[in-house]
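J.: Listed here are the chains, written in short residue letters.
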Amino acid sequence: MDRNRFADLAAAYGGDLSRWPIAERAGAEAWLTSSPEAARIIAVHQRLDHWLNNYVVEAARPDLQRRIITEAVSRPRGLPSMLAPWRWSMLGAGGALAAGLAAGVLFVVVAAPPAEPSRSAEFGSVYARSSFGDLGVGMDGAPGGGD
Amino acid sequence: VHALVSQKLPRILTLALRMLGDVAESEDVAQEAFLRIWRRAGDWRGDGGARFDTWLHTVVLNLCRDRLRRRGREKPFAETPERADETPGAEARVQADQASSLVRAALAELPERQREAIMLYHYQELSNQDAATALEVSVEALESLLSRARRTLRARLHGMA
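Just so you know, the protein sequences line up as chains A and B, in that order. Quick note on numbering: the numbering used here labels position 39 of the first sequence as 1222, and the sequence is numbered without any gaps. Quick note on numbering: the numbering used here labels position 159 of the second sequence as 369, and the sequence is numbered without any gaps.
Heads up, a few of these hints could be off.
Taking beta-carbon pairs under 8 angstroms as the criterion, some of the chain B residues facing chain A (in silico) [stated by the list, open to error]: (1) Val211; (2) Ala213; (3) Val215; (4) Ser216; (5) Gln217; (6) Leu219; (7) Leu223; (8) Thr224; (9) Arg261; (10) Leu266; (11) Arg314; (12) Leu356; (13) Thr362.
Output of the computed footprint for chain B on chain A, the stretches with three or more beta carbons under 8 angstroms from beta carbons of chain B [unchecked claim]: (14) 1185-1191; (15) 1206-1219; (16) 1247-1254.
So the derived label-pair ranges between C-beta atoms look like this [to be verified]: (17) B:Gln339 / A:Asp1185: 22 to 32 angstroms; (18) B:Arg250 / A:Arg1230: 36 to 46 angstroms; (19) A:Ala1213 / B:Glu335: 21 to 31 angstroms; (20) B:Arg303 / A:Asp1232: 13 to 23 angstroms; (21) B:Glu350 / A:Ala1209: 15 to 25 angstroms.
To be clear, the hints were calculated from the coordinates, so they are not data collected in a lab. Please read all numbers here as calculations on a predicted model, not as lab measurements. Where a beta carbon is used, it is the ideal one built from N, C-alpha and C, also for glycine.
Using the sequences and the hints given, assemble the complete structure.
T.: Encoded structure:
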């Protein structure tokens, strides 16, 4: 341990040698007892530590601890939150929406007239303009005649 | 569950409070951190208390970082209203509040990584190795972050004093 290393450690870890890395403590304590400069360095950092310790924050409120414990005991160990009940309800709503959309598409496909020239000729222009042009009806009413 | 919550909650909450400066947000972070503990409970490999504590600090740090980014600013501390207090011992409390506010403001001005290093090493009292692990840096890099942070804090706080 030399002066520079001691100063570097104090600059990083502060003025409390008990918080310094274990491997450095014995050398630091020996240097501290033998060097007035080491004592001055430590005093500077102890003042900063004291300042930092002025910053206090509130303790946890009792109801927070109760809420967290209630949440914990209501959920089986290791149960991912993806499987939490409220997520299931969202999943159900999403599923219902998807099913509704699928049913709508199916209705259009089933309700659509067969791709026969005689019938499609009546509606040919309508199909050609629709977004379901891939039903296989061309502008002229012939199957597969579309682009 | 009771033992774990009562043992870890104060540490989690104080870290979140110092990072975010907002009680409601800090409580949300604490709750979310414990949700993650329960989520991992089934497959958690006990590697010793120190590693669990380090992992927990990493979780809380990440949750706080997410919230700070969502706020769109890196300054972590919400303003606290001035309060008039005329009860016995009020003057000492006012002085303590003022000192606390000065430190909080000085910390808020630090770059994010330096502030996190101070939070973990000084306030959370993690070892240098655990603080470095939580920040995903080497011990040497942690020392550099701490040194720069403390140099800045010393200049600001001694100036204010």
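J.: Evaluate each hint against the coordinates.
T.: Hint by hint, here is what the structure shows:
1. Restraint check, valine 211 of chain B versus chain A: the minimum CB separation of about 5 angstroms is within 8 angstroms; hint holds.
2. With a cut of 8 angstroms, the hint placing alanine 213 of chain B at the interface with chain A is violated, because the nearest CB-to-CB distance is about 10 angstroms.
3. Taking 8 angstroms as the C-beta cut-off, the interface hint given for valine 215 of chain B holds, the closest approach to chain A being about 5 angstroms.
4. Given hint, serine 216 of chain B at the interface with chain A, holds; its Cβ is 7 angstroms from that chain's nearest Cβ, closer than 8 angstroms.
5. For glutamine 217 of chain B, the suggested interface contact is broken, since its CB lies about 11 angstroms from the closest CB of chain A, more than 8 angstroms.
6. Checking leucine 219 of chain B against chain A by beta carbon gives a least distance of about 5 angstroms; that is within 8 angstroms, so the hint holds.
7. Using the Cβ-Cβ criterion of 8 angstroms, the hint placing leucine 223 of chain B at the interface with chain A is satisfied: the shortest such distance is roughly 5 angstroms.
8. The beta carbon of threonine 224 of chain B is positioned within 8 angstroms of a beta carbon in chain A (closest approach about 5 angstroms), and the interface hint is therefore held.
9. The restraint placing arginine 261 of chain B at the interface with chain A is violated, with a minimum CB-CB distance near 18 angstroms, outside the 8 angstroms limit.
10. Taking 8 angstroms as the C-beta cut-off, the interface hint given for leucine 266 of chain B is violated, the closest approach to chain A being about 13 angstroms.
11. Contact between arginine 314 of chain B and chain A, as hinted, is supported at the beta carbon level, the nearest pair being about 6 angstroms apart and thus within 8 angstroms.
12. Contact between leucine 356 of chain B and chain A, as hinted, is supported at the beta carbon level, the nearest pair being about 4 angstroms apart and thus within 8 angstroms.
13. For threonine 362 of chain B, the shortest C-beta to C-beta distance to chain A is roughly 11 angstroms, which exceeds 8 angstroms, and the interface hint is violated.
14. By the rule of at least three residues with a Cβ nearer than 8 angstroms to a Cβ of chain B, the coverage given for the region 1185-1191 of chain A is violated, with 1 such residues.
15. Counting residues of the region 1206-1219 of chain A whose CB lies closer than 8 angstroms to any CB of chain B gives 0, which falls below the minimum of 3, so the coverage claim is violated.
16. Given as covered by chain B, the region 1247-1254 of chain A passes the check, having 6 residues with a CB less than 8 angstroms from a CB of that chain where 3 are the minimum.
17. Distance hint check for glutamine 339 of chain B and aspartate 1185 of chain A: the Cβ-Cβ separation is about 23 angstroms, which falls inside the suggested range of 22 to 32 angstroms.
18. Between arginine 250 of chain B and arginine 1230 of chain A the C-beta distance comes to about 42 angstroms, which sits within the given range of 36 to 46 angstroms.
19. For the pair alanine 1213 of chain A and glutamate 335 of chain B, the beta carbons lie near 25 angstroms from each other, so the given range of 21 to 31 angstroms is met.
20. At roughly 22 angstroms, the beta-carbon separation of arginine 303 of chain B and aspartate 1232 of chain A lies within the given 13 to 23 angstroms, and the hint holds.
21. A beta carbon spacing of about 21 angstroms between glutamate 350 of chain B and alanine 1209 of chain A agrees with the range 15 to 25 angstroms that was offered as a hint.
Of the numbered hints listed earlier, those contradicted by the structure are 2, 5, 9, 10, 13, 14, 15.
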